[in-house]
Amino acid sequence: MNFARAHILVCGGTGCTSSKSPEIIAEFESRLKENGLADEIKVVQTGCFGLCALGPIVVVYPEGIYYCQVKVEDVEEIVREHMLKGRVVERLLYKESEEVSESLNDTDFYKKQTRIALRNCGVIDPENIDEYIAYDGYQALAKCLTEYTPQQVIDLVSASGLRGRGGAGFPTGRKWQFAAVEKGPVKYVCCNADEGDPGAFMDRSVLEGDPHSVLEAMTIAGYAIGSSQGYIYVRAEYPIAVQRLKKAVEQSREYGFLGKNIFDSGFDFDIDVRLGAGAFVCGEETALMTSIEGHRGEPRPRPPFPAVKGLFGVPTILNNVETYANIPWILVHGPEKFAEMGSGASKGTKVFALGGKIKNTGLVEIPMGTPLRQVIEDIGGGCPNGKKFKAAQTGGPSGGCIPASLIDTPLDYESMAAIGSIIGSGGLIVMDEDNCMVDIAKFFLEFPVDESCGKCSPCRIGTRRMLEILNKITSGQGTLEDIDTLEELCNHVKNNSLCGLGQTAPNPVLSTLRYFRDEYIAHVVDKKCPAGVCKALLNYSIDPEKCKGCTLCARNCPVGAITGSVRQPHEIDKSKCIKCGACIEKCKFDAIYKA
Amino acid sequence: MPNTKTLVSFRGTPEQEAELRKFIEQTKDEPGSTMPIMQKAQEIYGYLPEEVQIIIAEATGVPLTEIYGIATFYAQFSLNPKGEIQVSVCLGTACYVKGSGDVLERVVKKLGCEAGSITADGRFSVDATRCVGACGLAPVMIVNGEVYGRIKPDEVDAILEKYM
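First to last, the sequence lines map onto chains A and B.
1 is the number of the first residue of the first sequence in the numbering used here; add one for each residue after it.
1 is the number of the first residue of the second sequence in the numbering used here; add one for each residue after it.
Hints were generated in silico from the structure; no laboratory data involved.
C-beta: ideal position from N, C-alpha, C; glycine also.
One or more hints might be untrue.
Unchecked claim - Label-pair ranges, simulated between beta-carbon atoms: (1) A:A159 x B:E66: 16 to 26 Å; (2) B:A57 x A:S405: 32 to 42 Å; (3) A:K260 x B:T72: 47 to 57 Å; (4) A:S405 x B:K28: 54 to 64 Å; (5) A:Q243 x B:E146: 53 to 63 Å; (6) B:E19 x A:L93: 47 to 57 Å; (7) B:Q86 x A:E23: 44 to 54 Å; (8) B:E66 x A:D39: 56 to 66 Å; (9) B:Y163 x A:R80: 14 to 24 Å.
Unchecked claim - Derived BS3-like pairs: lysine-lysine, alpha-carbon spacing no greater than 30 Å straight-line: (10) A:K247 x B:K22; (11) A:K246 x B:K152; (12) B:K152 x A:K388.
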């Protein structure tokens, strides 16, 4: 084996790939070769480092130097300066406030995280099973198959206190126990990798950065419940994840970690990768199974629960990607270590996808119970451009908004439920003063309206009527009664829908009504959108102080609503204005404003 | 989404049909193979017109109504062909709060074709997609696989003109 004096790690996650990281890798390889360094320095394509806002990211070991927003043109300089002369290229380093951080472990973004599910993401080459093995990979599986009985495995998972990371938070050990006591001979282990929550991408990162951890955990689950076949249902929209997953399955079969008689224990297990086809409802467990069976992904009433009668009518367990990624760690380090982290009934860590109006967009993994403030201000770096934090939205279309006044709420299952939101799959979208909460509620509601499978009427019809009311409100036609009707309808849809999609669809509306009712009232009574988002409620005006009378706006107005003579302040005729915004775009003096 | 019967006439070749039928023969006895077969068909033809759905129904024995039901249920399956140049704008939450709605509006205005449809000459098709996972680059627009991140609405015209 060749030893390299340095390693250059380049992020190959979806975010960085979109900003040309494959070209950067190719450029590194050719530049190193050109300088005769190809044997001493190895270029590795890793999974996601988490700090997607600054991609593409390049990390150089052994020093751990962290380069951000690297362009193909920068590669030559890194090789010439850093690799040949040992001088760090300062201008590409990550700058957190005034301080420049050389190593990624020195940054607030990483220092305050505890990475368990993401432990290997950005560390190993996901396409190389040997690197996974070098990081304790498949050790947990070997231990289970050779030292523990299936019941002991379930007891260990139960003792860790791990709960489902996909949204519902059901205790994983208990789920396995239910399926284990059912009679076989055929049972299935499924993995929900149909990450549909817009703005959450931790499952994709695990699949792209550490696919073997999911395969290992599924095999362990198969041993625990007495199943010999697993299915991974993964979004087709994640091409890199699908490709790495398929490759990992092949490698795993080659090494004998999947297939017949694994570790000479007499236990057989194999995994099939199935592609989803873009239906949000398929993230719901019964709908996902119906979809794997090859039908329209409609949910089924429960009971019977999947542990009793699941995929193809036999006992099945279904866990989410992030849940599985925790399992090997728990079994290697012991359940006590895992249970030490977190708060109350929420043990361990949770990955959140930080997005929206926040400086450090990306993935963060923190102990459960960490206050929201720490995530937004310390790790996330707050809202950019000095704007004021208004609310955070967690749990996607099934979740709720947390207003600025509750920023000290701990992020755990119970505390979030108490304020009307959920942890969900871990999407965390930050909004500032420029976001209209009624518009956000409408945005989230469009999701279930589009994605409702149509099987039950509260969801199919109810969500559509709710959206109509919201449209009425944002277009300035709403009344106070509409707000009451909307609330009543929300509760009806919540209580009477068949599956999780419908039952949680009203949450974004209910929580914005709870914390931002004044904004709804402003839309209805004052016919104003305080954040300046809802077009119908905006009026365009010209500031006579700033207007130079250049006539540019008047010439560009498609409906001739602007009048005025040359070098005199112009005016907009509000009855003619169609609020297209063409004038604002053209004005060179910032004289036109909307309010 | 306008996922109705397309007006574009079917131009499938015998080679395409042979490839599809071969795949169906190999997989139809596996449990739950209908979806993988339809995904393969869409990969071969680019979309799932009635003619292709009939081939699948006949070769698998699954009723055509059920095939049609599946094809219209999942967003990934399309009954319409895609344009030579496929433009999609991400409307995931992270992109939306950063203004991707305005980006989409500009695309629609520039091309004169609604999201989920195709221009009359078949050159461009526009889609509003779910989160593509490049949230760090929000707002994101993708043209034939090329990703444009952190774009502003007034940059849209120039990007699209490169493809015209």
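Hint-by-hint comparison with the structure:
no.: 1; hint: A:A159 x B:E66: 16 to 26 Å; in the structure: violated (46 Å)
no.: 2; hint: B:A57 x A:S405: 32 to 42 Å; in the structure: violated (57 Å)
no.: 3; hint: A:K260 x B:T72: 47 to 57 Å; in the structure: violated (41 Å)
no.: 4; hint: A:S405 x B:K28: 54 to 64 Å; in the structure: holds (58 Å)
no.: 5; hint: A:Q243 x B:E146: 53 to 63 Å; in the structure: violated (19 Å)
no.: 6; hint: B:E19 x A:L93: 47 to 57 Å; in the structure: holds (51 Å)
no.: 7; hint: B:Q86 x A:E23: 44 to 54 Å; in the structure: violated (22 Å)
no.: 8; hint: B:E66 x A:D39: 56 to 66 Å; in the structure: holds (58 Å)
no.: 9; hint: B:Y163 x A:R80: 14 to 24 Å; in the structure: violated (36 Å)
no.: 10; hint: A:K247 x B:K22; in the structure: holds (24 Å)
no.: 11; hint: A:K246 x B:K152; in the structure: violated (37 Å)
no.: 12; hint: B:K152 x A:K388; in the structure: holds (22 Å)
In the structure shown, a violation is registered for the earlier hints numbered 1, 2, 3, 5, 7, 9 and 11, in ascending order.
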